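Trainee: Sequences listed follow chains A and B, in order.
Using the working numbering, you'd call the opening residue of the first sequence number 605 and step up by one each time.
Using the working numbering, you'd call the opening residue of the second sequence number 699 and step up by one each time.
It is worth saying that the hints were derived from the structure and are not from the lab.
Just so it is clear, the structure is predicted and the values come from calculations on it, not from any experiment.
Where is the CB? At the ideal position from N, CA and C, for every residue including glycine.
Keep in mind that a hint or two might mislead.
To be verified - Label-pair ranges, simulated between beta-carbon atoms: (1) A:G648 / B:A755: 54 to 62 Å; (2) A:R623 / B:S788: 43 to 51 Å; (3) A:N644 / B:T873: 52 to 60 Å.
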Amino acid sequence: MTGYRTHISIIADILDTAREYSYEGHDRGATVTHLIRRANVPHGRLSSLVSELKASGLLQELPEESKYRISEKGMEFLKSYQQFKGFAEGFGLRV
Amino acid sequence: MEIELATNLAGLAISIIIGRFAYAGYAAVGSPNLLRLTLAFISISAGFVLIATALFAGPAFSGAMNTSGLAAQAVGYFFIAMSHGLKSSSDFVPSRHVAALLLVPLTTAPFIIPGNSIEHLVRSISFILLVYVSIETMASYMQTRKNSTLMIGSGLGTLAAAEIVAWYGFIFPGTFAIPALAAKVAGFGLMFVPFSRLGLGRMEKVDGV
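All chains should be modelled from the sequences, with the hints used to inform the complete structure.
Mentor: Dropping the structure here:
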């Protein structure tokens, strides 16, 4: 579905990027640049979203380097998002 | 009466399951649209309860309970229409004059519907809301080409058809009551088919954003 993105879908994009950079063999985490590119939001907004995600335990910041990994809770959120996205799209709506 | 009760209970069961799933989605991802769908299906379920209860009520209360049930369902359709309205307004911001045209169907409703029956007034409002929602859902189908959207859009269209058939009960009292109720349950059935494939077992809550 094209057009305007919801707050939840931007969060899902951030978490999905963090997930891509968190798998085994590539587990150094996603940088802020990776997240900005994928989520397509300004740096200021991304910072507040990342803080929100860290506070709710969906994203983890790697110590020493400014990189982010998805948490187990974040993976659960992404799975739920994909499932309920299909449900809402059935009604012609966005999650 | 048995057929009416059975069809109402079938509609109640389907709307409770869809509402429960929408609530699980709201609890998991916190989407406002899923909250509105939850409220919509709670209202629709409450409507089915009231309509089914009206079958056992005395003649003094039966009509009022039936109309209350229909009104509760109209509120449910309103929540779905509201979600579509908000989505459309974020995609396309019309000028004030164009936006005013959107009110025409609702403002003309009092002139084309009988003023002496609250039940038919409520049915007319439900019909307008359902036509709007089914058109919006079909428009989404044209973009996504998802079968689930087609099924739900068809279901909503069938619900609209059920309302117009029931509305004709004003002209021919009682004649179309059962076909209208059957069409209504068929509409909810169509909405349930794609939803049932999404997985009924996944209802756990994930606290998040």
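Trainee: If a hint holds in the structure, say so; if it doesn't, say that too.
Mentor: Verification of the supplied hints:
1. Distance hint check for G648 of chain A and A755 of chain B: the Cβ-Cβ separation is about 60 Å, which falls inside the suggested range of 54 to 62 Å.
2. Under the hint 43 to 51 Å, the C-beta atoms of R623 of chain A and S788 of chain B, about 27 Å apart, miss the expected range.
3. Evaluation of the 52 to 60 Å hint for N644 of chain A and T873 of chain B yields a pass: the beta carbon distance comes to about 57 Å.
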